[in-house]
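*Asks:* The residues making up each chain are set out below.
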Amino acid sequence: MQIRNRHLLGWLEAVPLTLVLVAFLVAPIVMIVIVSFWGATEFSIYPAFQFDNYAYLFGSKVVLSVFISTFKYALITWIFTFAIGFTVAYFLAFHIRSLTMQVALFLICTIPFWTSNIIRMISWIPFLGRNGIANQTLISWGVIDEPLEWLLYSDFSVILAFVHLYTLFMVVPIFNTMMRIDKSLLEAARDNGASGFQTLRHVILPLTKPGIMIGTIFVVTLVMGDFITVRFMSGSQSANVGRLISNDIGLLQYPSAAATAVVLLCTVLIVIAILLRFVNIRKEL
Amino acid sequence: MDRRPPSFYFLSAFFVLFLLFLYGPTFTIGILSFQGPQGGLTFPMRGVSMHWFADLFQEQAVGDIWGAFRRSFALGLMVMVTTVVVSVMAGLAFRKRFAGSAVLFYLAITSLVIPSILISLGVGLIFNQLGLKIHWATSGFGSQLTWTLPFGLLIMFAVFNRFDRSFEEAARDQGATAWQTLRHVVLPIIAPSLIGVALFGFTLSYDEFARTLLTAGSYNTLPLEIFGMTTNVTTPVIYALGTLTTLFSFAVIGSCLLLVWLMGKRRARFGSDAGKGL
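So the sequence lines, in the order shown, correspond to chains D and V. Here the first sequence stands for residues 1 to 285, where the numbers follow this note's numbering. Here the second sequence stands for residues 1 to 278, where the numbers follow this note's numbering.
Treat the hints as calculated values from the structure; they're not laboratory data. The reader is advised that the hints may include incorrect statements.
Unchecked claim - Not close to chain V: a few residues of chain D, all C-beta gaps over 12 Å, as computed:
no.	residue
1	Glu13
2	Ala55
3	Ile68
4	His95
5	Val143
6	Ile144
7	Asp145
8	Leu148
9	Glu149
10	Asp155
11	Arg201
12	Pro206
To be verified - Taking CB as the label site, the calculated pair distances span:
no.	chain 1	residue 1	chain 2	residue 2	range
13	V	Gly36	D	Thr41	50 to 56 Å
14	D	Val30	V	Gly40	44 to 50 Å
15	V	Arg3	D	Ile111	29 to 35 Å
Said to hold, decoys possible - Not everything, but these chain V residues come out facing chain D in the computed CB check (under 7 Å):
no.	residue
16	Leu11
17	Ala93
18	Leu125
The C-beta atom is built at its ideal place from N, Cα and C for all residues, glycine as well.
Whenever a hint applies, use it, and build me the whole structure from the sequences.
*Replies:* See below:
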């Protein structure tokens, strides 16, 4: 028997994806929301319907400052990943002339990402440490007399690691949209007397916006949800929301972790909703 | 050819700096993993040796690295196969623009952008409350799929948006059934992209940490094992492990690229019978 109804056939083909998402995305979120109203003793959690967890969250100055530093990390990382990612993508898309060369250079950029995330993070330690390469080089050049203490285990190193880990998430979508810009538009701009900068500002930038938005969504959500980079690179001295959650989990305070998770989720979704107003992702693929 | 504008040289320099930034740390630990037996985690090198690589193979020294590697590898393969099959099915489904596809699409996007630790926490809680045992092959497997499937789906969108539908029409006109069209026309054409999806699935799973953290159960996967090592191992053995895992990724990805290249050659040779009088 042939199935002719496209809706029915479509649904049949989409069943596995739907099942996975319902079981491992929707159900966990629902569970987190439920548990966020539960209570906890030192050893166990018990079902309840109370607002204690949220009352604590919204009343605590510490939590507020943690949220602020989460936004701070996201914003600063975004600025750097965007500036670097846009420049690299621009270079690859408009200054490299052969496709083979573009693909080759692009692959070279992706090779470091074949290593484990955590390995890439710890590989900064011999670089930035008190007796690390950076300090020794600067001392041998006579730039500084004493090792810089803020290179490692600081906000600087956290953001450096974020930029290192996530710039590629900016390069890929921006490069992808730039490659689809019709080159004759650039010629038209030049023929009309636009300078290189004017072309960049009025032609390339607007046409690249969808790629920028997709990259931004990736970087912002990855940074906001992160807990491991902040822990490693700050030497456990800084915190963001992700760390708050993972600390609660470590202490088996699941209801409190769940409430923080709900607030984090809402924050992330609001940020994305704002970003999505600038671009229709489905059209851009 | 036009003369290169000055900006070209400036941007080239920028690009080179970017590459140095990307590669520098990995090279550093690559070099440091050959530290002599007396050497520590930082420079200077105290001799050059394979000591720390040898150390990796003495199991008692560093925990269950090889067990973790086997589990990660098996899990990676499971995730890879599932990702390819499910993404292709979903990709085909979305081409039909069935009712409700927008909801499913946004669900997939949510899955991609939701902080990983939430998946980990939620799945862990559900298994706990249902009295099920968390295990890397069940809860860990499902959690990783929430990260690999949306990626696979996005790649399938990109693939099908560039797919020339006239090939399918031609097959249908020749009397092929829907299944025959899929089997003999669509799948062979998209095969190289499927290798890309497979590679994505495997490497994302192989490196996934946060989503597996609370869902792997009592047997660690490799990223979890490495994470454990970072807190209690203070010798270059961890760099040796880093270098080995990097080489392993190189091998996997290199062989995939080789496969794509071979398929391309084969296709160029056998793909068309035009002008052969067949």
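*Asks:* Which hint numbers does the structure go against, in order from smallest to largest?
*Replies:* The structure conflicts with hints 1 and 4, although it agrees with all the remaining ones.
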